[in-house]
Structure formats: C-alpha cells, structure tokens
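> Line by line, the protein sequences give chains Y and A. Mapping of the first sequence onto this note's numbering: residues 1 to 467, in sequence order. Mapping of the second sequence onto this note's numbering: residues 1 to 217, in sequence order.
The set of hints was computed from the structure by calculation and includes no laboratory data. Treat each hint with caution, since some may be false.
Claimed, not checked - Pairwise CB distance ranges (calculated):
#, chain 1, residue 1, chain 2, residue 2, range
1, Y, 272, A, 54, 55 to 61 Å
2, Y, 333, A, 70, 45 to 51 Å
3, Y, 264, A, 159, 35 to 41 Å
Claimed, not checked - Residues of chain Y clear of chain A, computed beta-carbon distances all greater than 12 Å:
#, residue
4, 173
5, 283
6, 357
Only a predicted model underlies this, so the values are computations on that prediction, with no experimental measurement involved. Built from N, CA and C at the ideal position, the CB exists for glycine as well.
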Amino acid sequence: MPTTLFEKIWNAHLIAETSGAGLLLLDRILLHERTGGVALQSLREAGHRVANPARVFATMDHVVDTRPGRNSGALGKSANPFIEVTRREARGAGIRLFDIDDDRQGIVHVISPELGIVLPGLTLVCPDSHTGTQGAFGALAWGIGSTEAEHALATQTLRVPKPGTMRVWVEGSLQRAVTAKDLALHLIGMLGSAGSRGFVVEFAGPAVRKLDLEARMTLCNMATELAAFAAIIAPDEATFEYLRGRPFAPAADLFDRAMRDWQELHSDPDARFDLEIQVNASEVRPMVTWGTNPQDALPIDAAVPEYSAVAGRVSRPAYERALSYMGLKAGQRLEELPVDGAFIGACTNSRLSDLRRAAMILEGRRVAPGVRAICVPGSTSVKRLAEAEGLASVFERAGFEWRESGCSLCFFAGGESFAPGQRIVSSTNRNFEGRQGPQTRTHLASPETVAASAIAGHVADPRQGLD
Amino acid sequence: MPQPFAELTAVAAVLLRENIDTDAIIPSREIRAVAKTGLADGLFANWRYLPGRGRTPDPEFVLNKPACQGSRILITGENLGCGSSREQAVWALAEYGFRVLIAPSFNTIFHRNCVRNGLLPTRLDSEAIARLAAWVIEDPQRHRPLVSLANQRIVAGGDSWPFEIAAEAREALLEGLGELEQTLKLAGRIAAFQAADQLRRPWAYEVGSPNGDDLND
Ligand code: SF4
Numbered sequence: 001m002p003t004t005l006f007e008k009i010w011n012a013h014l015i016a017e018t019s020g021a022g023l024l025l026l027d028r029i030l031l032h033e034r035t036g037g038v039a040l041q042s043l044r045e046a047g048h049r050v051a052n053p054a055r056v057f058a059t060m061d062h063v064v065d066t067r068p069g070r071n072s073g074a075l076g077k078s079a080n081p082f083i084e085v086t087r088r089e090a091r092g093a094g095i096r097l098f099d100i101d102d103d104r105q106g107i108v109h110v111i112s113p114e115l116g117i118v119l120p121g122l123t124l125v126c127p128d129s130h131t132g133t134q135g136a137f138g139a140l141a142w143g144i145g146s147t148e149a150e151h152a153l154a155t156q157t158l159r160v161p162k163p164g165t166m167r168v169w170v171e172g173s174l175q176r177a178v179t180a181k182d183l184a185l186h187l188i189g190m191l192g193s194a195g196s197r198g199f200v201v202e203f204a205g206p207a208v209r210k211l212d213l214e215a216r217m218t219l220c221n222m223a224t225e226l227a228a229f230a231a232i233i234a235p236d237e238a239t240f241e242y243l244r245g246r247p248f249a250p251a252a253d254l255f256d257r258a259m260r261d262w263q264e265l266h267s268d269p270d271a272r273f274d275l276e277i278q279v280n281a282s283e284v285r286p287m288v289t290w291g292t293n294p295q296d297a298l299p300i301d302a303a304v305p306e307y308s309a310v311a312g313r314v315s316r317p318a319y320e321r322a323l324s325y326m327g328l329k330a331g332q333r334l335e336e337l338p339v340d341g342a343f344i345g346a347c348t349n350s351r352l353s354d355l356r357r358a359a360m361i362l363e364g365r366r367v368a369p370g371v372r373a374i375c376v377p378g379s380t381s382v383k384r385l386a387e388a389e390g391l392a393s394v395f396e397r398a399g400f401e402w403r404e405s406g407c408s409l410c411f412f413a414g415g416e417s418f419a420p421g422q423r424i425v426s427s428t429n430r431n432f433e434g435r436q437g438p439q440t441r442t443h444l445a446s447p448e449t450v451a452a453s454a455i456a457g458h459v460a461d462p463r464q465g466l467d
Numbered sequence: 001m002p003q004p005f006a007e008l009t010a011v012a013a014v015l016l017r018e019n020i021d022t023d024a025i026i027p028s029r030e031i032r033a034v035a036k037t038g039l040a041d042g043l044f045a046n047w048r049y050l051p052g053r054g055r056t057p058d059p060e061f062v063l064n065k066p067a068c069q070g071s072r073i074l075i076t077g078e079n080l081g082c083g084s085s086r087e088q089a090v091w092a093l094a095e096y097g098f099r100v101l102i103a104p105s106f107n108t109i110f111h112r113n114c115v116r117n118g119l120l121p122t123r124l125d126s127e128a129i130a131r132l133a134a135w136v137i138e139d140p141q142r143h144r145p146l147v148s149l150a151n152q153r154i155v156a157g158g159d160s161w162p163f164e165i166a167a168e169a170r171e172a173l174l175e176g177l178g179e180l181e182q183t184l185k186l187a188g189r190i191a192a193f194q195a196a197d198q199l200r201r202p203w204a205y206e207v208g209s210p211n212g213d214d215l216n217d
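Whole structure, please, built from the sequences with the hints as guidance.
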C-alpha cells in the first residue's frame with residue numbers, strides 16, 4: 001500500500017497500539033532550561049531514571065542573558081533557578097548539556113541540526129512547541145508537554161494519538177526578496193491559525209525543493225502557528241550534504257549506510273493524504289502581520305482590514321481587541337506604520353543565511369533615529385561564523401545591537417523587553433499580546449523586511465531596500 | 001498521579017474569547033520557580049490584574065466577579081491553549097481550582113497536557129456554548145452546569161449536550177491513570193523492540209561526538 005513519509009516513520013517506531021494511540025519509540029529527546037529542568041527534577045523526585053542519557057541533549061537558550069559580555073547566569077534573578085536546576089539535573093542524569101559558555105550553545109532548534117543531532121527518519125521530541133522546525137530534515141519532530149517529557153525520558157517512548165496527514169504542495173518559485181517566512185505567513189493567512197490542527201503537514205513540490213535547509217526550517221517552524229502536530233519535508237541530496245560531517249551525525253561508513261535508508265524516506269506517488277492544499281510560490285509577496293495572531297498576515301502593501309474581511313475567522317470583539325491592542329485603525333496602510341523596534345533572531349530566522357540576507361539590506365545604511373534594533377544569532381556557532389565573515393560589523397555599523405545567542409526578546413520571561421506600546425517588526429514567529437514584553441506590539445516579517453523597516457523607520461518593503 | 005474524574009456540578013466562569021494562548025493563561029514572567037505549583041496566583045495575570053498596579057484585581061475580569069467565585073468550570077472560545085507548549089498553563093488552571101474546560105476546540109498539546117493532569121477538556125459546538133454561557137451568566141452561583149464524563153454529557157438548565165472526547169483520554173481521566181506507570185510495565189517489550197531496531201538502524205543508536213564521548217565532562 002502506498003504510504004506517506006509520516007506513516008513510514010510512524011510504522012518504523014510503533015512498538016504497540018492501544019485504543020487510538022501508538023506507543024512510539026523516540027530516537028532523540030531535547031531539553032532546554034525553561035521546561036527541561038522541571039521535567040528532570042520531578043522525574044528524579046518520583047524515583048525514576050532517565051532511560052538513555054546518551055540520546056538526550058540539553059541546552060540553555062530561553063532565559064539566558066544575551067547582552068554582550070554575559071556571564072554564566074540568567075537575565076534577571078527570577079530566571080536563575082531554571083538554569084541552576086537544569087545544570088544540576090542534567091549532570092546528575094548524565095545528559096549532555098550545552099551550557100551558556102559552550103561553543104555549541106544556542107536555541108535548541110538551531111543547534112540540533114548544526115550538531116547533526118536530528119537526522120532523517122528519526123523521531124525527536126522536545127518540551128517546546130516549535131520542535132516541528134526540525135522536520136525540515138525528514139525527521140518526525142514534535143513538541144510535547146512537561147509530563148510527556150518525563151514519560152519520554154523514563155521510557156524512551158510516548159503514547160501518541162495518531163495524527164492525520166496533510167500535504168501542502170508548493171508550485172513555482174519564490175520571487176526576489178520573498179522568503180520562506182513570507183511563504184509561511186502567506187499559508188497561515190490563508191489557512192488560519194488552526195488550519196493544520198491534528199495533522200502532520202508535509203511540505204512538498206518544486207518550490208520546497210528549491211529551498212535550502214535553513215529556509216526549510218523556517219517554513220517548518222511556522223507550521224506550529226497552523227497548529228500542526230508536526231511539519232516534515234522529505235530529505236534529499238541537500239539534506240544529506242548539510243548533515244554529513246556534523247559532530248553527532250553518523251561517521252563516514254555508517255553515514256553512507258544510513259543514507260541508503262534515508263533515500264527511501266518520501267511519500268509514495270499515490271499515497272493518500274487526509275487533506276491536500278496547493279499554492280503557488282510565485283504569487284507570494286513580502287508579508288507582515290497586523291494583529292495579535294500569526295493568521296493576521298497580509299502582503300506588505302495592504303492595509304489593516306475592515307472587519308468584513310476577517311469576519312469568517314474571528315468575532316468582532318476579538319477583531320476590535322486586536323486593533324486596539326495594536327493601536328491600529330482599519331484602512332491604515334501597513335507600510336506607513338512607524339516602528340520603535342526591530343528584532344532579528346529566534347528559531348524562525350536566526351541562522352547564518354538569515355543574517356546574510358538582512359546584512360545585504362543593511363550594508364552601508366543606518367537604522368532610523370529612535371529605532372532600537374537588535375540582532376540575536378541563533379547559536380554561538382552562528383554568531384562566530386557571522387563575525388568571521390564580517391556580518392557582525394555590518395549590523396553594528398548600521399546601528400544594530402549585536403548579541404550573544406539565545407531566545408532573547410523573542411518572548412518575555414520577565415527579563416528584557418521592548419517598552420509598553422512600542423511597535424516592533426520582528427523575525428520571530430508569534431505576535432501574541434505581550435509576547436515581547438507587556439503591551440508591546442509585534443509585527444511578524446522576514447529578516448529582510450525587519451532590516452528594511454529598521455532603516456526606513458516604518459514598516460517597509462524589502463524589495464525597495466535592494467534597489 | 002492525576003485524580004480520577006467522574007462527574008462535577010460547579011460554578012462556571014465564562015470567558016468567550018478565541019485563541020486564548022498559554023501566555024495569556026500564565027504569562028511567562030509569572031513562572032518563577034522550577035515547580036509545578038505556586039502558579040494559581042499568576043493565572044490570567046495580564047487580564048486579572050490592573051496594568052501597572054501590581055496585584056490590584058481588575059473588577060471587570062470574570063474571575064474577579066463575586067458571582068464567579070469558586071469557579072471550577074471554564075467556558076471559552078475556540079482554539080483554547082494555543083501558543084507555547086508550557087504545561088504551567090494547565091498546572092495554573094488546575095491549581096486555581098478548574099477541573100473542566102469547555103470550548104469549541106483546543107490546541108493539541110494543551111489538550112494532551114490537560115488530560116495528563118486530570119483536567120477534563122470538553123468540546124461543544126459554538127452554538128451550544130453560546131446557549132450554555134447565556135444560561136450561566138444569568139446567575140453563575142445558581143446556574144451550575146453538570147458535567148458527566150461517565151455519560152459524556154453536559155447538563156445545564158433545560159439543555160443537555162453530549163460532548164466528544166477520545167476514548168483514551170476518557171479512560172485516563174475516569175481512572176486517574178498515570179501513563180508513565182502503565183508504560184513502565186511494558187519495559188520488556190520496549191527493550192526487545194529497540195534491540196531489533198538497533199540492527200536495522202544502528203545510526204539512530206550510535207550517538208557520536210567530536211572528541212569521543214564527552215558525557216559527564
Ligand atoms: S526562539 Fe522563541 S519561539 Fe524559538 S524556541 Fe526560543 S522562545 Fe521559542
């Protein structure tokens with residue numbers, strides 16, 4: 001029977017079936033200090049052991065200080081216990097921890113591929129909702145809760161209700177200065193924030209094949225905002241090239257053997273999906289959000305919608321609440337919105353290629369007066385590489401703060417934030433109320449658009465920045 | 001281990017907003033300790049307390065209304081629990097006293113977290129929710145819905161609606177089963193599966209590292 005890529009991985013990991021759920025073997029478990037420490041601690045307190053510490057990896061990313069010259073602590077006293085508990089518990093359990101001063105430290109979804117921890121065909125979980133990012137490598141990777149993490153750590157398995165299958169087929173190719181982020185926002189705008197609920201979304205088609213691995217990660221990252229169970233892209237030569245030689249990837253001979261197996265990891269030609277969607281990448285324009293949900297995404301040259309345009313999707317009170325929170329009126333042109341902040345970073349868009357593309361726009365230009373612009377590389381490795389090839393100085397000369405790696409201002413955990421009422425163009429993945437600080441107003445966009453907007457001082461089309 | 005759930009009649013709080021995300025349920029800055037408790041106070045903090053006024057309750061917010069004191073059922077709009085996977089959202093709701101959530105739809109991770117913590121997530125369609133909410137709001141202290149998991153029904157005033165819940169979730173909630181204890185009983189089967197799998201996919205098991213094994217260094 002023809003099967004989908006997801007089903008192939010599911011079947012290869014299925015230990016047992018119980019009423020509607022599968023008991024799945026897990027190949028990799030990733031932890032970060034915000035949710036991992038508590039899972040390890042309560043597991044130990046309940047008298048259980050980590051079943052296979054060698055297949056578990058932990059990093060510090062969520063609440064670490066990202067200001068230049070940071071020490072080994074957190075940003076803000078309240079966050080210190082998360083770091084300390086994770087350090088203590090990881091050591092006690094014999095788990096590899098990429099601590100703050102480790103060369104391999106970084107945002108969990110950035111470092112896992114960098115280090116070759118994620119591989120095609122693996123099952124991988126992390127108590128973090130954007131774990132699906134790693135599906136870009138043809139792994140089944142999904143986010144779990146803390147109690148599930150305890151189960152995963154103690155048994156190397158999880159009980160999972162079987163998700164449905166959805167394929168998003170992307171024809172054509174993206175235009176200049178239009179990126180995987182714009183494609184993702186386009187899809188979320190089209191399908192809504194619950195458009196993939198309960199599904200594993202496979203991204204496929206010629207436009208997806210043309211994306212490099214970092215862009216594929218951006219696309220899969222944003223599938224979380226479609227409420228997908230996971231996102232996945234079939235591995236190909238580009239995937240194998242990316243992974244070969246990475247520290248935790250299989251070494252030479254074993255890699256070749258694995259690759260023969262990985263080449264079979266694709267959906268069969270007549271495999272059936274529960275839901276199929278087609279889009280044309282050529283029609284996608286640079287996108288930006290106007291509201292407090294990623295589904296509030298529009299082409300950058302659009303205006304804040306009237307209620308009638310979104311009536312099928314949200315109630316009037318929710319729409320009005322979003323407008324008032326964002327300080328907007330229907331009919332206002334998005335491109336004219338003045339910005340106070342610009343943020344490039346997060347597991348969505350903080351990899352080397354993201355920084356390179358933003359730097360092309362920033363080269364020889366200056367951030368507009370009054371705009372606070374910040375770039376936070378996704379990993380210590382990305383930071384070093386960016387410094388070595390001169391990107392860091394492009395950012396700094398343009399007036400960007402150049403930071404140490406971590407989640408940083410992607411989300412507000414009581415440490416640093418933009419100021420109340422400030423309008424921020426951000427390369428992150430969530431524009432929820434208060435996400436980047438109390439009363440902050442976040443507009444999601446690609447790194448190019450963030451860079452162009454920082455320079456213009458208002459939301460700006462990156463295509464003009466390149467002329 | 002979660003407490004078994006069979007049936008509950010209790011005061012309900014109505015918060016008919018869509019897309020209530022986990023950061024709204026428990027703002028990140030309210031998660032101060034590496035613990036599953038101490039979170040109830042931060043529940044809905046951004047809505048519950050007046051901005052910039054510390055812990056001064058916002059009288060307009062539903063949980064602060066005298067009529068809603070002692071709420072154990074929460075009725076909301078769709079896509080409840082979207083956003084970050086933080087389980088603290090569920091711990092905070094449970095610690096505050098909620099046992100039942102009623103919404104047209106739930107975020108998947110949030111839904112799983114609820115079941116694992118003995119919190120019953122029930123799906124009703126928006127029309128039923130509107131009726132239920134209208135009835136509750138008339139007099140929350142007296143108009144207490146009955147939620148029966150055994151019968152998969154919600155009874156409110158003259159209405160009675162069946163609700164959907166997956167068989168596994170229902171079983172787990174009814175019996176208050178800890179999944180981990182259940183799975184640990186299958187240790188032999190898991191080990192046998194891995195032994196066979198390791199021959200097929202050795203690369204999934206041999207987790208290399210740059211300079212030999214750096215565990216515990
Ligand atoms: S960068 Fe943001 S979205 Fe990504 S893992 Fe960190 S906090 Fe979550």
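> Return the numbers of the hints above that this structure violates; sort them in rising order.
Hint check: 3 fails alone, others pass.
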